[in-house]
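Student: One-letter residues, chain by chain:
2 protein chains.
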Amino acid sequence: MTPRRVAWILPGALVACLLLAASPKRPGSPDLSSSRLIDLTHAFDERTIYWPTSPSGFELKPLASGQTPGGWFYAANSFCAPEHGGTHLDAPHHFAEGGQTADQIPLASLIGPAAVFDVRVKAAADPDYRLTEADVRAWEAIHGPVRQGSIALLCTGWSSRWPDRKRYLGDDRPGDASNLHFPSFGEAAARLLIHDRRVRAIGLDTASIDYGPSKDFPVHRLAGEAGVPGLENVANLEEVPAIGAWVFALPMKIAGGSGGPLRIVAVVPEAPAAQ
Amino acid sequence: MTPRRVAWILPGALVACLLLAASPKRPGSPDLSSSRLIDLTHAFDERTIYWPTSPSGFELKPLASGQTPGGWFYAANSFCAPEHGGTHLDAPHHFAEGGQTADQIPLASLIGPAAVFDVRVKAAADPDYRLTEADVRAWEAIHGPVRQGSIALLCTGWSSRWPDRKRYLGDDRPGDASNLHFPSFGEAAARLLIHDRRVRAIGLDTASIDYGPSKDFPVHRLAGEAGVPGLENVANLEEVPAIGAWVFALPMKIAGGSGGPLRIVAVVPEAPAAQ
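As you go down the protein sequences, you meet chains C and R in turn. Oh and the first sequence: position 103 is 102 in numbering that gives the first Met the number 0, straight run, nothing missing. Oh and the second sequence: position 191 is 190 in numbering that gives the first Met the number 0, straight run, nothing missing.
Derived from the structure by calculation, the hints contain no laboratory data. Every residue, glycine too, gets a C-beta built ideally from N, C-alpha and C. Check before you lean on any hint, since a few could be wrong.
Unchecked claim - Beta-carbon label-pair distances, calculated as ranges:
hint, chain 1, residue 1, chain 2, residue 2, range
1, C, Ala123, R, Ile141, 51 to 59 Å
2, R, Asp127, C, Thr67, 21 to 29 Å
3, R, Leu36, C, Arg46, 27 to 35 Å
4, R, Glu58, C, Gly97, 38 to 46 Å
5, C, Thr67, R, Ser32, 43 to 51 Å
6, R, Gly70, C, Pro212, 15 to 23 Å
7, R, Gly65, C, Ser177, 20 to 28 Å
8, C, Ser177, R, Gln147, 24 to 32 Å
9, C, Thr131, R, Ser32, 25 to 33 Å
10, C, Thr67, R, Lys121, 24 to 32 Å
11, R, Gln147, C, Gln66, 28 to 36 Å
12, R, Gln66, C, Glu132, 26 to 34 Å
13, C, Glu45, R, Arg172, 34 to 42 Å
Hey, can you work out the whole structure from these sequences and the hints?
Tutor: Right under this line is the structure:
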């Protein structure tokens with residue numbers, strides 16, 4: 000090879016190499032060292048919202064709080080809570096007899112890239128709004144196909160109504176779940192996401208993966224039968240970009256649980272990554 | 000510039016560029032897309048170990064389980080638990096009056112690179128073994144200085160004794176905490192890790208960040224005063240490498256809690272990264 004040929008080949012290789020170095024390591028995987036952490040969890044307290052028919056709410060009972068005889072401070076509590084309230088998990092077993100209980104769900108079903116569907120404008124106009132297949136396809140026209148193994152999160156804007164029970168559920172009469180109004184997933188959109196796009200979990204910022212007026216809970220049954228966990232009463236989804244973040248949705252590991260308290264966190268890259 | 004000079008300069012640039020592309024993005028930060036997930040959490044059930052003086056243990060109460068009139072399956076439970084038992088968090092407030100409660104701890108204190116100290120051999124010979132400053136320095140001679148912001152995890156091997164109360168705590172008499180035996184952090188090592196190396200949290204696979212015979216809990220008091228969370232009854236630390244993994248330690252977000260149930264997960268890179 001002549002020096003002249005070398006002088007042409009090497010710049011080409013250099014350009015290819017620079018392009019390789021500049022591309023993200025893997026699409027959609029934020030760098031843990033430089034990412035922003037967003038807490039998507041409401042705290043548990045006496046105002047925590049449970050389903051109207053729940054026999055009880057969150058109760059914290061102090062066991063100790065104050066100076067010990069040894070001279071140091073010590074505090075400890077016990078607590079009681081139904082599984083399904085506050086920011087929480089629906090295990091597949093919640094609506095599927097043979098489905099995984101809270102402790103049996105593999106971590107791989109709870110940790111993955113987020114796909115966030117923002118329906119705030121539509122939900123503000125119609126509190127019974129349900130995500131449609133058309134919404135999913137419109138999202139895909141912008142962001143590309145929903146990536147297999149995504150955690151599909153629906154942002155309705157309802158998080159800002161927490162913990163106002165009347166505004167959040169549409170009704171605040173204890174024991175009566177007959178007149179609830181809040182947005183959620185539609186059945187066809189949930190089917191598309193779960194069976195076709197094969198998301199690993201679905202979640203949202205309202206009280207249920209079925210919308211307020213639902214009486215037969217088709218999305219719960221669909222998700223349960225498919226072994227897909229549901230994440231309910233999630234907070235702060237407005238802060239999570241449509242794509243590029245990863246979600247860690249870690250429930251309390253209750254043996255035999257149909258669900259339970261969830262701590263859910265988004266890991267958001269400094270600059271949104273391409274999908 | 001002559002073609003001959005170009006022929007020498009460009010290969011040099013190419014080699015430098017290839018080295019850059021081959022190096023990890025940031026040291027110690029695993030790639031989420033390709034990492035292995037390890038659950039470091041014991042499930043909560045009727046055998047879950049609480050402190051001998053705890054007034055109660057974990058109790059799950061079925062609210063519903065079976066076919067509904069609508070024809071689908073439905074299950075839900077409620078539960079009660081003291082904050083300090085099973086795999087759980089000690090919030091700084093547990094031993095420090097003005098310290099952060101469970102809901103106030105920033106996520107940055109709960110998510111970070113792991114530094115795992117393996118004292119299994121020493122603990123097997125002495126169940127009252129406490130991590131020493133010399134142990135930390137010996138670790139650093141191999142792995143380099145403990146990185147600021149690490150989550151320091153002590154692997155004693157006690158996880159394999161769970162949930163055998165007698166073997167795990169050293170005594171299984173209810174109400175009597177006077178004769179406990181299990182390994183933990185020593186005070187000087189904890190001080191070195193917290194004040195000098197500035198770790199963000201400390202945790203281990205026994206019941207307490209103070210060893211079994213302790214009556215004055217110096218490590219609890221030290222950690223509480225420094226605003227450093229403690230992670231207790233952690234599982235499976237044998238599977239986490241000394242460096243290179245990241246830990247997500249996500250507690251139930253109990254408002255005003257002195258601690259609470261913790262779901263803790265290690266993200267382990269496929270090949271251990273350099274620190």
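Student: Each hint should be assessed against the structure and marked as holding or not.
Tutor: How the hints compare with the structure:
Against the hinted window of 51 to 59 Å, the Cβ-Cβ separation of C:Ala123 and R:Ile141 comes to about 58 Å, which satisfies the hint. Roughly 23 Å separates the CB atoms of R:Asp127 and C:Thr67, a value that falls within the hinted 21 to 29 Å. At about 34 Å, the beta-carbon gap between R:Leu36 and C:Arg46 stays in the expected band of 27 to 35 Å. Distance hint check for R:Glu58 and C:Gly97: the Cβ-Cβ separation is about 25 Å, which falls outside the suggested range of 38 to 46 Å.
Checked against the hint of 43 to 51 Å, the C-beta distance between C:Thr67 and R:Ser32 comes to roughly 48 Å, which is consistent with it. Between R:Gly70 and C:Pro212 the C-beta distance comes to about 19 Å, which sits within the given range of 15 to 23 Å. Range check, R:Gly65 to C:Ser177: Cβ separation about 22 Å, and the 20 to 28 Å hint holds. Take C:Ser177 and R:Gln147: their Cβ atoms lie about 56 Å apart, and the range 24 to 32 Å is violated.
A hinted range of 25 to 33 Å holds for the C-beta pair C:Thr131 and R:Ser32, which are about 30 Å apart. Take C:Thr67 and R:Lys121: their Cβ atoms lie about 31 Å apart, and the range 24 to 32 Å holds. Range check, R:Gln147 to C:Gln66: Cβ separation about 33 Å, and the 28 to 36 Å hint holds. A hinted range of 26 to 34 Å holds for the C-beta pair R:Gln66 and C:Glu132, which are about 30 Å apart.
A hinted range of 34 to 42 Å for the beta carbons of C:Glu45 and R:Arg172 is consistent with their spacing of about 36 Å.
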